[in-house]
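A.B. asks: Given next are the chains, with one letter for each unit.
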Amino acid sequence: MRNILPELRAQRGWTQGDLAAKLSVSRQTVNAVETGRYEPSLSLAFAIAALFAQPIESIFQAQRQPSRFTGDPGAAPAEP
Amino acid sequence: MPESDFDPQPTRPLPPGPPQSPGYQMLGRVNKFYSLRVVGILCSLWTYLCALGVAMVAPRYLAPDTRNFVVVVLPLLTGVLVVGIIFMAYVASDEYVRRRILRCAALTGVIVAFSTLGYFCLEMLGYARLSMIVVNLYGWAVFTALLMWILYRAR
Numbered sequence: 001m002r003n004i005l006p007e008l009r010a011q012r013g014w015t016q017g018d019l020a021a022k023l024s025v026s027r028q029t030v031n032a033v034e035t036g037r038y039e040p041s042l043s044l045a046f047a048i049a050a051l052f053a054q055p056i057e058s059i060f061q062a063q064r065q066p067s068r069f070t071g072d073p074g075a076a077p078a079e080p
Numbered sequence: 081m082p083e084s085d086f087d088p089q090p091t092r093p094l095p096p097g098p099p100q101s102p103g104y105q106m107l108g109r110v111n112k113f114y115s116l117r118v119v120g121i122l123c124s125l126w127t128y129l130c131a132l133g134v135a136m137v138a139p140r141y142l143a144p145d146t147r148n149f150v151v152v153v154l155p156l157l158t159g160v161l162v163v164g165i166i167f168m169a170y171v172a173s174d175e176y177v178r179r180r181i182l183r184c185a186a187l188t189g190v191i192v193a194f195s196t197l198g199y200f201c202l203e204m205l206g207y208a209r210l211s212m213i214v215v216n217l218y219g220w221a222v223f224t225a226l227l228m229w230i231l232y233r234a235r
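Protein chains in written order, with my numbering: chain E, 1 to 80; chain Y, 81 to 235.
Hints listed in this document are in silico derivations from the structure and should not be mistaken for laboratory results.
Keep in mind that a hint or two might mislead.
What the hints assert, rightly or not - Which residues of chain E face chain Y? A few of them, derived with a C-beta cut under 10 angstroms, are: (1) Arg2; (2) Leu23; (3) Ser24; (4) Val25; (5) Ser26; (6) Gln28; (7) Val30; (8) Leu44.
All values derive from a computational prediction rather than experimental measurement.
C-beta atoms are modelled at their ideal positions from N, C-alpha and C, and glycine is treated no differently.
Required output: the full structure, derived from the provided sequences and hints.
C.D. replies: Okay, here's the thing in structure tokens:
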């Protein structure tokens with residue numbers, strides 16, 4: 001999952017520690033989310049979205065995986 | 081999306097604090113690391129180790145009626161104390177640190193299991209039989225080292 005947290009943080013001139021303090025999490029958590037090592041829980045994602053006043057999907061974008069069955073990169077599921 | 085209480089406008093950067101010497105900054109980090117939870121975990125673990133030591137020595141000196149309490153109940157109570165304090169540290173951590181603590185517990189289990197299996201193979205070759213108290217102490221040492229590392233990184 002990709003995210004634009006570093007850009008949003010840089011726009012506001014916040015350090016990772018500042019953002020961590022505003023979200024009430026550790027700086028390590030912010031670093032892990034920014035580098036993609038950790039996907040935040042729904043509640044943390046909502047808190048991040050509320051803090052930056054943006055919808056979640058504009059901050060976090062899912063990287064589409066190649067379909068296991070067809071091999072197409074990012075194949076959409078078949079309509080019923 | 082519901083109305084947010086947060087200011088959507090980019091705020092000004094935080095004003096720089098007073099200049100601090102590197103030694104003062106290092107002291108702040110050390111003080112933060114040795115927070116109450118780290119001190120609590122280390123102290124409770126020390127109590128547990130002392131209780132184990134007393135339990136090992138007690139049968140030589142105590143009467144049979146008080147021996148059971150010292151050998152069984154005392155290490156059990158201090159063990160519960162250690163687990164309780166570690167659980168409180170777990171609850172006080174955020175979600176990422178919680179996940180790392182759980183991973184650390186799983187990793188400890190794997191390390192202890194493979195070490196015990198390895199020593200079992202050595203026993204088959206003629207080495208002395210391993211006491212479970214050694215496995216216990218070894219497991220706690222590995223778990224505490226991993227936990228301290230996680231709490232140090234999350235400072």
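A.B. asks: Evaluate each hint against the coordinates.
C.D. replies: Status of the hints after comparison with the structure:
1. Arg2: 18 angstroms, violated
2. Leu23: Cβ of leucine 23 (chain E) sits 9 angstroms from chain Y, so the hint holds.
3. Ser24: 7 angstroms, holds
4. Val25: 4 angstroms, holds
5. Ser26: Result: holds, 5 angstroms to nearest chain Y Cβ.
6. Gln28: Because about 5 angstroms separates glutamine 28 (chain E) from the closest Cβ in chain Y, which is inside the 10 angstroms limit, the hint holds.
7. Val30: 9 angstroms, holds
8. Leu44: 6 angstroms, holds
Hint 1 alone, counting from the list given before, is not met by this structure.
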